[in-house]
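Protein sequences, first through last, are from chains Z and H.
So that you can map any letter, position 244 of the first sequence is 244 in our numbering, and since no number is skipped, the others follow by simple counting.
So that you can map any letter, position 397 of the second sequence is 397 in our numbering, and since no number is skipped, the others follow by simple counting.
Calculated directly from the structure, the hints in this document are not laboratory data.
Be careful, since some hints might not be right.
[To be verified] Only pairs whose alpha carbons sit at most 20 Å apart, straight line, appear in this in silico SDA-like list of lysine to any residue:
no., chain 1, residue 1, chain 2, residue 2
1, H, K10, H, R155
2, H, K362, Z, G113
3, Z, K362, H, S137
4, Z, K22, Z, G167
[As the list claims (entries may be wrong)] Label pairs and their in silico Cβ distance ranges:
no., chain 1, residue 1, chain 2, residue 2, range
5, Z, I37, H, S287, 46 to 56 Å
6, H, D36, Z, R365, 54 to 64 Å
7, Z, G326, H, G20, 53 to 63 Å
8, H, D346, Z, G240, 25 to 35 Å
Ideal placement from N, C-alpha and C gives every residue a C-beta, glycine not left out.
Letter by letter, the chains look like this.
2 protein chains.
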Amino acid sequence: MHNTIPAAPKGFRFAGVRAGIKRDKTREDVSLIVSDIPATAAGVYTTNLVYAAPVAWDRALTPGCGFRAIAINSGNANACTGQRGLDDARGMAAAAAAEIGADERSVLVLSTGIIGEFLPRDTVAGGLRQAATALASDETSVVNAARGMMTTDTRPKLSGSTFTSDGTTATLLGMAKGAAMIGPRLATMLGVVLTDAAVDPADAQRLLREAAEETFNCVSVDGHTSTNDTVLLLANGAAGGTRLAGAGLDAFAEALHAACESLARQIADDGEGATHVLRIEVTGCESRDAARQIARAIGDSPLVKTAVHGADPNWGRIVSAAGYSGIAFDPSQLVLRVNGTLLFRDGAPVAFDADAVSASIKGSRETLIEVDIQSGPGRIRFYSSDLTAEYVHLNADYHT
Amino acid sequence: MHNTIPAAPKGFRFAGVRAGIKRDKTREDVSLIVSDIPATAAGVYTTNLVYAAPVAWDRALTPGCGFRAIAINSGNANACTGQRGLDDARGMAAAAAAEIGADERSVLVLSTGIIGEFLPRDTVAGGLRQAATALASDETSVVNAARGMMTTDTRPKLSGSTFTSDGTTATLLGMAKGAAMIGPRLATMLGVVLTDAAVDPADAQRLLREAAEETFNCVSVDGHTSTNDTVLLLANGAAGGTRLAGAGLDAFAEALHAACESLARQIADDGEGATHVLRIEVTGCESRDAARQIARAIGDSPLVKTAVHGADPNWGRIVSAAGYSGIAFDPSQLVLRVNGTLLFRDGAPVAFDADAVSASIKGSRETLIEVDIQSGPGRIRFYSSDLTAEYVHLNADYHT
Chain Z
1 MHNTIPAAPK GFRFAGVRAG IKRDKTREDV SLIVSDIPAT AAGVYTTNLV
51 YAAPVAWDRA LTPGCGFRAI AINSGNANAC TGQRGLDDAR GMAAAAAAEI
101 GADERSVLVL STGIIGEFLP RDTVAGGLRQ AATALASDET SVVNAARGMM
151 TTDTRPKLSG STFTSDGTTA TLLGMAKGAA MIGPRLATML GVVLTDAAVD
201 PADAQRLLRE AAEETFNCVS VDGHTSTNDT VLLLANGAAG GTRLAGAGLD
251 AFAEALHAAC ESLARQIADD GEGATHVLRI EVTGCESRDA ARQIARAIGD
301 SPLVKTAVHG ADPNWGRIVS AAGYSGIAFD PSQLVLRVNG TLLFRDGAPV
351 AFDADAVSAS IKGSRETLIE VDIQSGPGRI RFYSSDLTAE YVHLNADYHT
Chain H
1 MHNTIPAAPK GFRFAGVRAG IKRDKTREDV SLIVSDIPAT AAGVYTTNLV
51 YAAPVAWDRA LTPGCGFRAI AINSGNANAC TGQRGLDDAR GMAAAAAAEI
101 GADERSVLVL STGIIGEFLP RDTVAGGLRQ AATALASDET SVVNAARGMM
151 TTDTRPKLSG STFTSDGTTA TLLGMAKGAA MIGPRLATML GVVLTDAAVD
201 PADAQRLLRE AAEETFNCVS VDGHTSTNDT VLLLANGAAG GTRLAGAGLD
251 AFAEALHAAC ESLARQIADD GEGATHVLRI EVTGCESRDA ARQIARAIGD
301 SPLVKTAVHG ADPNWGRIVS AAGYSGIAFD PSQLVLRVNG TLLFRDGAPV
351 AFDADAVSAS IKGSRETLIE VDIQSGPGRI RFYSSDLTAE YVHLNADYHT
């Protein structure tokens with residue numbers, strides 16, 4: 001859990017309630033986030049060809065202006081549900097809109113959970129009605145809203161900060177869910193970032209995409225890209241001041257990047273069954289994309305993930321994963337360090353204290369894997385989680 | 001284990017001995033296969049940029065004629081070992097050549113095991129000396145040779161048949177090892193196919209590549225392409241008759257394909273910790289490569305693999321894996337069957353008896369996943385294994 005709950009940006013209210021979609025009736029499964037002022041919205045979405053109905057709804061509407069709410073449910077993904085699923089996504093937006101007296105096209109929707117079952121529309125609508133009466137901006141409401149999007153997550157994921165533009169201080173708050181079906185191809189989870197700064201829709205879209213590219217697109221739990229991955233950004237301008245530009249826009253971009261980075265790391269940290277976070281730093285590549293492709297091959301390899309779980313400095317698995325990444329490089333130029341210790345360079349083994357490296361892996365939640373290809377400026381930071389027997393138990397037993 | 005051990009082709013002798021490379025001294029770790037007549041050789045190799053020294057040795061020599069032996073060791077991969085590793089691979093060929101009175105360039109080498117430790121050359125040479133005195137062509141010798149290439153395999157993998165060309169009956173024998181670091185990008189393991197037919201080197205190379213493309217290149221245990229993947233084919237002509245052509249060559253190609261298919265399936269079946277083989281049949285694609293890419297995404301998905309382990313007909317995981325494969329298709333055209341039962345079509349769920357499908361998965365070693373994209377003639381058969389807690393235990397505890 002977090003020691004401190006980040007503050008809500010001005011003009012946003014939150015609720016998370018137990019509507020009864022999940023089998024476990026003690027868990028929140030519907031959330032509502034309302035902006036009292038029409039907000040700019042941007043979104044980035046799954047690249048999966050098989051995308052869920054809420055993705056279709058949101059993608060058609062963003063980027064744009066005039067958004068009033070995000071309606072969220074967990075326990076049901078509304079994916080692979082055909083035309084009825086599209087009708088249900090629209091119905092969910094309409095139900096939330098009716099509660100707050102807004103147009104259905106001013107409401108974005110997020111769903112996560114089981115694929116291929118029709119959305120229980122009355123249950124969702126009942127949850128949204130209950131949520132609308134509970135809307136507030138205190139810490140408990142923020143946490144409840146973050147809980148309402150959780151599936152197998154063990155904890156809500158929040159991140160916040162403030163930034164200043166032309167003397168106006170604005171607040172930014174991010175929340176996310178994700179613990180499996182986390183693949184690195186795009187947003188890879190559900191995420192919401194809210195700010196009371198005023199942002200132009202085109203700027204919002206561009207900066208959200210840039211931030212996602214280096215954060216949510218650099219995290220993998222199991223390499224399985226979901227049907228529902230979505231990150232939404234709402235900016236309502238309630239902090240006052242004009243639309244961000246110049247240094248103010250830069251400050252916002254920095255705060256946005258930091259929030260997305262924190263949430264991405266929290267997702268890997270809460271990977272199903274994970275006992276370690278892998279922080280993979282690949283440098284010296286021809287491009288950022290090349291660095292990410294190498295980092296992804298390492299971060300997705302079950303052999304690397306189990307080696308970290310076993311606190312085994314098995315550098316051969318790391319070097320060979322880089323070798324099959326599809327990126328061309330000279331293996332004799334590759335330099336590998338694990339938790340700061342040099343393990344491989346010049347194409348041959350290096351003498352090192354394996355017990356000490358193993359102890360350093362055992363002793364820390366985070367394992368740092370540094371790979372330098374020594375042939376260019378391209379670099380990336382990538383988060384993954386280790387692979388444990390608990391992951392297998394969770395996914396062999398989590399039935400449709 | 002096999003009920004029947006396939007017969008050795010004429011003119012080949014085999015041995016597998018305990019040289020002491022492996023920590024477990026009761027297990028074979030050096031094998032020698034000798035052709036008494038100089039043989040045609042062909043090879044297909046890992047696509048990993050980081051390839052092992054024996055791969056470099058063999059790749060430089062094949063395809064060609066005049067080969068006398070294959071020297072094999074397990075327990076040490078001779079990979080990531082730099083110039084010294086290349087010298088060791090050559091030294092291993094030279095040691096075997098000296099034992100049988102042949103030129104070092106007539107000996108191919110195969111190594112598998114731990115990456116990044118230097119080959120214990122004296123131990124390997126001692127093993128080859130011992131093996132040279134034990135060479136024979138009976139069933140025990142064939143099995144011992146297959147055992148000498150095993151690492152975490154639980155059983156030797158053999159396949160054999162006979163075929164006829166112009167009235168001459170020839171024999172074909174294949175052996176393979178592989179239970180992890182099995183990725184689908186090329187040969188994906190060690191394999192040896194021997195025949196006493198006479199085959200032109202160019203034909204041997206072409207037919208081996210074609211067979212590997214549809215067999216060894218269509219199997220995945222963990223998607224991690226090894227540094228050592230190699231399949232070698234030796235054809236020594238001892239059965240008599242002229243070099244294969246026309247219908248004789250077709251008969252050989254068919255026998256070769258069948259042996260490779262059997263060995264590939266045995267590798268998936270013996271995947272580390274596996275309780276199920278996944279047979280994934282993808283049809284209706286624009287090309288064979290497109291079909292394989294979809295099959296690979298399904299076969300590599302940890303969520304699909306754990307679902308099969310849990311006997312869960314979780315079709316959403318299968319459909320969404322197809323969706324992120326990178327192959328463009330119309331999801332509403334996708335038809336999915338598991339063990340013969342229709343689970344998904346027209347982009348929406350289909351009513352089915354989940355308990356019956358679950359029981360059929362539980363009741364059989366093989367789970368059949370059929371995906372039809374309905375848009376072309378491209379098809380593939382792909383083998384994978386399920387993901388179990390035992391896989392994690394084996395790989396978290398198998399230390400460098």
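Just pull the numbers of the violated hints for me, sorted ascending. Hints 1, 2, 3, 4, 7, 8 not satisfied by this model.
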